[in-house]
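Trainee: Chain by chain, the residues run as shown.
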Amino acid sequence: SQKIEQNSEALNIQEGKTATLTCNYTNYSPAYLQWYRQDPGRGPVFLLLIRENEKEKRKERLKVTFDTTLKQSLFHITASQPADSATYLCALTHGSSNTGKLIFGQGTTLQVKP
Amino acid sequence: GAGVSQSPSNKVTEKGKDVELRCDPISGHTALYWYRQSLGQGLEFLIYFQGNSAPDKSGLPSDRFSAERTGGSVSTLTIQRTQQEDSAVYLCASSLAEGYGYTFGSGTRLTVV
Chain A
4 SQKIEQNSEA LNIQEGKTAT LTCNYTNYSP AYLQWYRQDP GRGPVFLLLI RENEKEKRKE
64 RLKVTFDTTL KQSLFHITAS QPADSATYLC ALTHGSSNTG KLIFGQGTTL QVKP
Chain B
24 GAGVSQSPSN KVTEKGKDVE LRCDPISGHT ALYWYRQSLG QGLEFLIYFQ GNSAPDKSGL
84 PSDRFSAERT GGSVSTLTIQ RTQQEDSAVY LCASSLAEGY GYTFGSGTRL TVV
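Those sequence lines, one after another, are chains A and B.
Quick note on this note's numbering: the first sequence kicks off at 4 and runs consecutively.
Quick note on this note's numbering: the second sequence kicks off at 24 and runs consecutively.
By construction, these hints were calculated from the structure, which means they are not laboratory data.
No incorrect hints appear here.
Derived BS3-like pairs: lysine-lysine, alpha-carbon spacing no greater than 25 Å straight-line: (1) A/6 <-> B/80; (2) A/74 <-> A/104; (3) A/20 <-> A/116; (4) B/38 <-> B/80; (5) B/80 <-> B/34; (6) B/80 <-> A/104.
The calculated label-pair distances, taken between Cβ atoms and stated as ranges, are: (7) B/96 <-> A/18: 38 to 48 Å; (8) B/74 <-> A/15: 36 to 46 Å; (9) B/122 <-> A/116: 29 to 39 Å; (10) A/18 <-> B/35: 38 to 48 Å; (11) A/12 <-> B/93: 35 to 45 Å; (12) A/42 <-> B/108: 24 to 34 Å; (13) B/93 <-> A/17: 47 to 57 Å; (14) B/108 <-> A/14: 26 to 36 Å; (15) B/94 <-> A/20: 44 to 54 Å; (16) A/42 <-> B/25: 17 to 27 Å; (17) B/36 <-> A/59: 38 to 48 Å; (18) A/42 <-> B/94: 25 to 35 Å; (19) B/38 <-> A/23: 42 to 52 Å; (20) A/10 <-> B/25: 29 to 39 Å.
Not close to chain B: a few residues of chain A, all C-beta gaps over 12 Å, as computed: (21) 20; (22) 23; (23) 61; (24) 72; (25) 87.
From the three backbone atoms N, C-alpha and C, an ideal C-beta is built for every residue, glycine too.
Please take these sequences and the hints and turn them into a complete structure.
Mentor: Here is the structure:
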């Protein structure tokens, strides 16, 4: 069956360290993968999109990698700050011919301690 | 508008009543999506509109759920004969086209009592 797995346990790190969040998937062949941030009581906010033919994408302190062989994406936040504390969702499409609909993982909660 | 607007922000309804949830997407965005999120859960896809194409309704949980998008802009999600298990946050999102990031609204929190 199709699955998107993100670590359900909260990730607690110290301010200034690099946070690394993992997204694994099975039985999908996504054309692209996206990462979102969600704060309590709010809708998700788009962060980064990476395509199947890209290995890495960066935006300011954020970096995403996409390994279609391992079926895994890693999301890194460098020099983390308490304001980065939130739930981070990965989302992907199912197939290169069905690029409109995103399927979301359950999210991983990040807590950055000062 | 500047963002995706959803109304109402909160709705409490009695079991068995019908409800309508509204979404105003960003002007010019051709794609519009509805998801729902139960407490502590991930986002569950409901329906997707892309331009003038037939909508992808594959995520609607039952025939009590329906949605329309008028004039390629505003969308309404209707739930008939609401049940307690329909209680959730209903999120609408729009995107410029397929393959672009979504912009989400703040959601409608539906409580069925």
